[in-house]
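Visitor: Here is how the chains run, residue by residue.
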Amino acid sequence: MSTIKVRVSRFDPKVDSGPHYQTYEVPFAARMTVMDVLDYIYENIDPSIAYHSHTSCHRRVCTRCNVVVNNKPGLSCHTEVTGDITIDPLPRFEVIRDLVVRGI
Amino acid sequence: MLAGADITLDGAGAAGIGLSGNEEDSKERFLHDIIVQGYYLNNQKLVEAYVRDAPARTKELIDWGVKYSWDGKRAVLTQGVELNRVLTDQTRKRKITFLDDVYVTDLLTERGDVVGAIGLDVNQGEVRVFKAKSVVIATGGWQNAYSFTSAPGGLTGAMHAAALRAGASLVNMEMVTFCPNVILWPPALRGDIFPYILIEMFGDLLERHGRPFLRDEYDPSIYRIATTTEWNKLIFSLACTRVVMRGDGSPRGGTYYFIKTVPLNILDEAEKLYPGWRWLRTDFSPLMEWLKAGNAVEVAPAAHYMEGGILVDEKGATTLKGLYAAGECSGGLFGANRVASAITQILVQGAIAGRSAAEYAKTRRVAEPNTRQIEQVETRLTAPFTNKGRVRAPALKRRVRKIADDYLWVLRTGKELKFAVSELEGIISKEVPQLSIETSAHAYNKEWIDTIEIESNAEVLLASARSALYRTESRGVHNRSDYPLTNNNTWLREIVSRKDKGKLVLSTRPVTITKLRPPKGRFSFEEGIMRAVKELGE
Chain A
1 MSTIKVRVSR
11 FDPKVDSGPH
21 YQTYEVPFAA
31 RMTVMDVLDY
41 IYENIDPSIA
51 YHSHTSCHRR
61 VCTRCNVVVN
71 NKPGLSCHTE
81 VTGDITIDPL
91 PRFEVIRDLV
101 VRGI
Chain B
105 MLAGADITLD
115 GAGAAGIGLS
125 GNEEDSKERF
135 LHDIIVQGYY
145 LNNQKLVEAY
155 VRDAPARTKE
165 LIDWGVKYSW
175 DGKRAVLTQG
185 VELNRVLTDQ
195 TRKRKITFLD
205 DVYVTDLLTE
215 RGDVVGAIGL
225 DVNQGEVRVF
235 KAKSVVIATG
245 GWQNAYSFTS
255 APGGLTGAMH
265 AAALRAGASL
275 VNMEMVTFCP
285 NVILWPPALR
295 GDIFPYILIE
305 MFGDLLERHG
315 RPFLRDEYDP
325 SIYRIATTTE
335 WNKLIFSLAC
345 TRVVMRGDGS
355 PRGGTYYFIK
365 TVPLNILDEA
375 EKLYPGWRWL
385 RTDFSPLMEW
395 LKAGNAVEVA
405 PAAHYMEGGI
415 LVDEKGATTL
425 KGLYAAGECS
435 GGLFGANRVA
445 SAITQILVQG
455 AIAGRSAAEY
465 AKTRRVAEPN
475 TRQIEQVETR
485 LTAPFTNKGR
495 VRAPALKRRV
505 RKIADDYLWV
515 LRTGKELKFA
525 VSELEGIISK
535 EVPQLSIETS
545 AHAYNKEWID
555 TIEIESNAEV
565 LLASARSALY
575 RTESRGVHNR
585 SDYPLTNNNT
595 WLREIVSRKD
605 KGKLVLSTRP
615 VTITKLRPPK
625 GRFSFEEGIM
635 RAVKELGE
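Chains as they are written, first to last, in the numbering used here: chain A, 1 to 104; chain B, 105 to 642.
Honestly, the hints are just simulated from the structure, not real lab data. Just so it is clear, the structure is predicted and the values come from calculations on it, not from any experiment. Here a beta-carbon is modelled for each residue, glycine too, at the ideal position from N, C-alpha and C. Errors might be hidden in some of the hints.
Some chain A residues well away from chain B (every beta-carbon gap over 12 angstroms; in silico) [stated by the list, open to error]:
id, residue
1, I4
2, H20
3, Y24
4, K72
5, T86
6, D88
7, P91
8, R92
Restricting the straight-line Cα-Cα distance to at most 20 angstroms, the calculated cross-link-like pairs of lysine to any residue (SDA-like) are [to be verified]:
id, chain 1, residue 1, chain 2, residue 2
9, B, K506, B, K519
10, A, K14, B, S544
11, B, K506, A, E43
12, B, K603, B, R484
13, B, K492, A, P47
14, B, K506, A, N44
15, A, K14, B, E551
16, A, K72, B, T386
17, A, K5, A, P19
18, B, K177, B, E128
19, A, K72, B, R385
20, A, K14, B, E230
21, A, K14, B, F489
22, B, K506, A, Y40
23, B, K492, A, S48
24, B, K425, B, R468
25, B, K492, A, D46
26, B, K638, B, P622
27, A, K14, B, A545
A few chain A residues facing chain B, derived, Cβ under 8 angstroms [stated by the list, open to error]:
id, residue
28, K14
29, R31
30, M32
31, D36
32, Y42
33, H54
34, T55
35, S56
36, R59
37, R60
38, V61
39, C62
40, H78
With the sequences and hints as input, model every part of the structure.
Guide: Laid out in structure tokens, this is it:
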């Protein structure tokens, strides 16, 4: 099974002085979305990863799962993954933790 | 709210608010249709309020500037995002405070009366306490107790579970509507109901040998009802589930939706309704191209709407003083099968419950919440941080959902339901208390959110499984393969769940009848539908 490298911006403002990247290796499946990748990491590798999902609509409507993927903003529920990726929080928003920001 | 959002009202009522309504239609007819197709399990007092207030609530929305079109019969057509825009606008004008990302988990009571609520501020990672003269629950269904749903995240049944713990009752918890023909794959479209909408116009379903099972295996009249009436959800879901259960489903456990035999100019005509094959905020043109090329998309029934919920009367009052419920989280309005709009339910019941709660609040002072109760909830919520147990949230969440998927699906049996009940009881008593959280940060801690969701999912599913086991018949969306008949001689009764000293207790009460007397007798699924079609006079 092929895998992809997923670089995720990690930041806990209560503990860290600034964000840093952590890289995970995730099994690749055709047409998987960024949300699938994050769910895989949370469920199988690192449950401490923070990304908005508990009230996400998964239908491109609520926009609460908005992140930056390879320098381009996009909804993680709808952005498909084709290879290695870097995931950052939306810029110019206050980071609550990792990819979760205040005000969207 | 994610899909098209139709508002339903009777034709004469529509004419009364300036729409080109059908004067021959009436509130009585609308009520009759809802109750007949709800298999007479509806609380008729709630249906009366629904048909009575639908025109006034619709008029109000139109006056507030909602963009809509009118189908000339019974439906004002709009979209969830549009309703959201208009209602948000109105709440701003009224300077109503919103608290985002606060996950309320419990109600605070004083001598049995509800005096506030408590929950987790998800972003801050802190427990928050709210004092209130009255509380209205309007939290929708509990679809996310299932792994496959057409509903958004956040509908977990947390407030159903909170209401139960506080002493309120739930009703008709065995009644779950599944929306058929929901996309299983690709993941970016998973849970989307677009094929369910398309199949009303064109296309058909196939099992894995490429056979059109609906045409092959069902009476032509049932097929026509399935494709042209509000019975579509029920008939399609049952037929598809039977195909998958006998091993003729797709690899992902669904059936195939295809449009290859539809002439291209018919598709071009249909595209005018969805220009560029865009619907809501999604571009379906790649999917449509793929289907036009002769491929089929895998679709399956998905948990869609909960007819059951918190027991309320026609004023929106629960069995607890100070506690009200409105919309899908409440139960009884649609009986055993919803055929009229759940948006109208929100509008009508929301206004009623809000007014009742405000009137009650006038007679009350804000009470000091009981500190011991607050401490108990705080201890329960934070226990997973100090627990040494080895039960982890992601794995247990998967297990709970699998119980719902496997045993509380479209077609149920007593044997499986018994198993589900014992599994859920074991999870609630032995595993939930052992849940422990690895993540030390409290701010947006997904494990913490999941531990809370698991507990409410499991409690609500237990009420649903116990009710489904109790109801030894098939009625509407509740189908038992070991009790296939609808039994009007003994089962025109609602099943009520409540907690007594921490234990879930079930009882029944007769259906509330004010207008329409149900027929006596026992009917098969097909007989029931054919009878009802005759009663409705099509």
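Visitor: In ascending order, which of the hints set out earlier in this document are inconsistent with the structure?
Guide: When the structure is compared with the hints, none of them turns out to be violated.
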